[in-house]
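K.L.:
One-letter residues, chain by chain:
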Amino acid sequence: MKITWPHMGSLDVVLVSVFEEMGVEYVLPPPSSQRTMELGARYAPEFACIPLKTTLGNYIEAIERGADTLLMIAGKGPCRFGFYAETQRRILEEAGFPAEMVALEFHLDRLGELVRNINRLKQGGSWVRLLRAIRFALHKAFLVDRLEQQALHQRCFETEKGATSRALRRAYEVVRRCSDYRGLREAEEECFALLRSVPQREAAEPPVRIAIVGEFYLVLDPWFNLQVEEQLGELGAWVERSVYLTDWLRPSGKNPILGHSERESERAARPYLSHFVGGEGINSVGHTVLFKRAGFDGVLHLLPFTCMPETIAKGILPLVSRDQGIPVLSLVIDEQTGRAGVATRLEAFCDLAKYRRRQSGRSLRSSELSCA
Amino acid sequence: MILTGTGDGKRKDCWRPRRVGVPSGLLYYKYFPLWKAFLEELGAEVVESGKTTRAILSAGVSKAENESCLPVKVFYGHALALRGRVDALFIPRLVSVEKKTHTCPKLLGLPDLVRAAAEDMPPIICPTIDFHHSLWQNYRAVYRVGRLFTANPIRILRAGWRAWRHHREYRRRLAEGWEPLAAMRGEQGDRLAEGRRLRVAVMGHHYNVFDTFTTMSLLDRLRGMGVDIITQDMVPERWREEELKRLPKQIYWNYERELAGSLLACVSRRLVDGIIFVISFACGPDSMVHVLCDQERKRLGRIPMLTLVIDEHTGEAGLITRIEAFVDMLKRVHEGKADRTERELVRA
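Protein chains in written order, with our numbering: chain A, 61 to 432; chain B, 399 to 746.
Because the hints were derived from the structure by calculation, they are not lab data. Hints are supplied without guarantee of correctness; some may be wrong.
DSS-like mimics (lysine-lysine), calculated; alpha carbons at most 25 Å apart, straight line [said to hold, decoys possible]: (1) Lys735/B to Lys136/A; (2) Lys696/B to Lys643/B; (3) Lys696/B to Lys735/B; (4) Lys696/B to Lys647/B; (5) Lys62/A to Lys696/B; (6) Lys647/B to Lys136/A; (7) Lys136/A to Lys643/B.
My request is simple: use the sequences and hints to build the entire structure.
P.N.:
Quick look at the structure:
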């Protein structure tokens with residue numbers, strides 16, 4: 061049994077760690093590329109959302125490398141994501157790719173099925189060992205997230221473009237290598253030192269602050285969002301994003317990286333969108349309000365083409381933008397989206413945010429930057 | 399429950415809407431007789447926006463998000479057309495109409511979307527119906543709508559009861575194959591199925607299939623070609639549930655369950671000669687359910703299926719050509735079969 065899973069940002073750091081610890085065979089799909097996108101778009105239904113297409117592409121490429129068990133999460137809706145596993149299983153079966161889909165459904169009345177599925181995946185390893193492996197992997201994810209956040213915050217100060225991203229990639233490798241908690245503590249120091257060692261300049265004026273909200277897969281995966289984080293950072297923006305991998309892996313309670321809970325963002329969204337609409341729709345609206353309160357200059361909203369919850373958010377965000385007085389740019393991404401078009405819009409958006417801040421005459425001391 | 403501008407949303411208790419607008423889109427085709435009976439029984443005047451027209455569609459397209467599906471754009475147009483003519487819009491938020499299922503996310507956010515569409519939108523009355531909650535909570539949501547119009551609780555109960563009877567009657571008429579608009583008005587009209595030679599299932603959401611403008615009178619055209627039509631309302635619920643139970647993963651969108659269940663029942667029970675699957679462009683749930691239906695259809699028995707994807711750019715000529723070609727093909731298959739049985743009879 062060779063397990064594989066689709067790419068989603070730094071998810072592979074976590075899952076590889078779990079599977080190595082358990083001694084389970086796995087196949088890492090090749091890094092997402094244009095081919096992934098094309099394969100996905102060829103087999104998937106025309107107006108399925110882009111995560112379905114890209115993850116399907118990842119699966120096909122992994123099957124070509126010998127994977128035979130596909131890992132996916134299932135749910136109860138109303139977002140389409142809960143139905144991905146079933147649809148992709150049917151598509152792959154129809155197209156003649158030999159693989160078995162294992163859909164993990166985290167729901168109380170499906171507990172039996174979940175336990176059976178995990179039991180099969182762990183192939184005889186003990187439950188205690190599995191839980192330990194997961195706990196360790198979550199620590200890794202937490203570290204990776206904090207590193208990513210550090211990179212988002214410091215990229216606008218780098219003197220040489222791309223230096224932070226290079227340092228971050230090296231930091232990933234360091235985290236990936238460590239196999240116990242002591243190693244992880246050492247890695248933490250080493251990685252932060254790595255990031256801090258990137259030469260930085262003194263900024264004459266505080267950088268413009270842009271927040272990224274939207275559908276989690278697009279926010280988390282730099283390949284499919286056309287590296288908007290890097291692009292914004294290199295345009296001189298101090299960036300924060302609404303969702304990190306840890307939030308997604310530990311879905312309840314407080315958002316450990318940003319520090320506000322789901323409930324807070326839902327409350328913030330209530331004057332504009334008063335009901336849960338599936339996926340992250342209500343949180344996109346709520347986070348926009350929260351980021352405005354935290355003093356951000358602009359919000360970038362990422363959504364896949366035809367994504368249902370985010371399309372609702374997109375319809376409501378203009379009202380939020382008018383009412384709260386914060387510029388919002390909604391970027392719809394699909395397999396046709398070109399890099400140049402996105403770059404142009406981001407540049408214009410940064411300029412607009414900068415201009416508006418100057419107009420409002422608000423000066424921001426750099427010491428305020430640390431309390432996002 | 400009442401959505402007004404972005405202010406505090408609270409109105410004085412004495413606010414009594416007289417003219418209530420119901421945009422004729424989306425769930426209108428499913429629940430309008432119920433809503434109308436309820437509101438009229440409470441003493442309100444119900445204003446419809448009427449049939450979809452080119453002007454309504456253009457207004458909707460210009461205001462709605464580009465990424466929205468066609469029926470949502472149409473709905474925007476209807477809501478905008480009622481602006482200024484009514485005291486309030488009635489747009490219920492149907493979260494779930496059956497335990498463990500949801501309606502489409504677009505319907506969950508619909509009242510908020512409509513309010514954000516224009517600055518001078520009238521207040522929106524949006525009771526939340528959610529069958530994950532208790533019956534009591536749903537009853538309270540309905541009751542609070544009633545209190546907007548009358549202080550008499552008995553009257554609200556009676557209105558609810560009458561509304562429910564109208565709804566049942568409407569569903570019965572649809573199940574008997576009345577023409578949808580005739581069924582809504584209660585006029586005795588033509589039947590969709592009258593025992594013609596060919597029988598075709600037209601499967602799709604009510605707001606797609608019953609809207610004569612966006613589907614360019616698909617049902618009338620088919621009848622004009624001498625084809626009997628089966629809609630999903632005409633397939634008994636028991637048959638639908640039987641089909642759905644067989645699926646490895648349960649569909650969790652309520653209206654998609656109806657659609658997939660009746661489509662599969664048509665295939666496995668050989669109720670029809672062909673199937674026309676109507677999808678509006680960018681419909682989220684349908685993109686998934688179509689994969690499922692197509693595969694199950696091939697497995698259960700090859701009844702031909704034509705998938706029509708409609709959007710605001712759909713040209714009439716292209717649509718008609720495809721329908722004609724499909725019906726011609728079905729006729730040929732049918733005649734072929736008749737020939738064969740005749741020959742077999744002769745040989746015997």
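K.L.:
Among all the numbered hints in the text so far, which are the ones the structure does not match?
P.N.:
Hints 1 and 5 not satisfied by this model.
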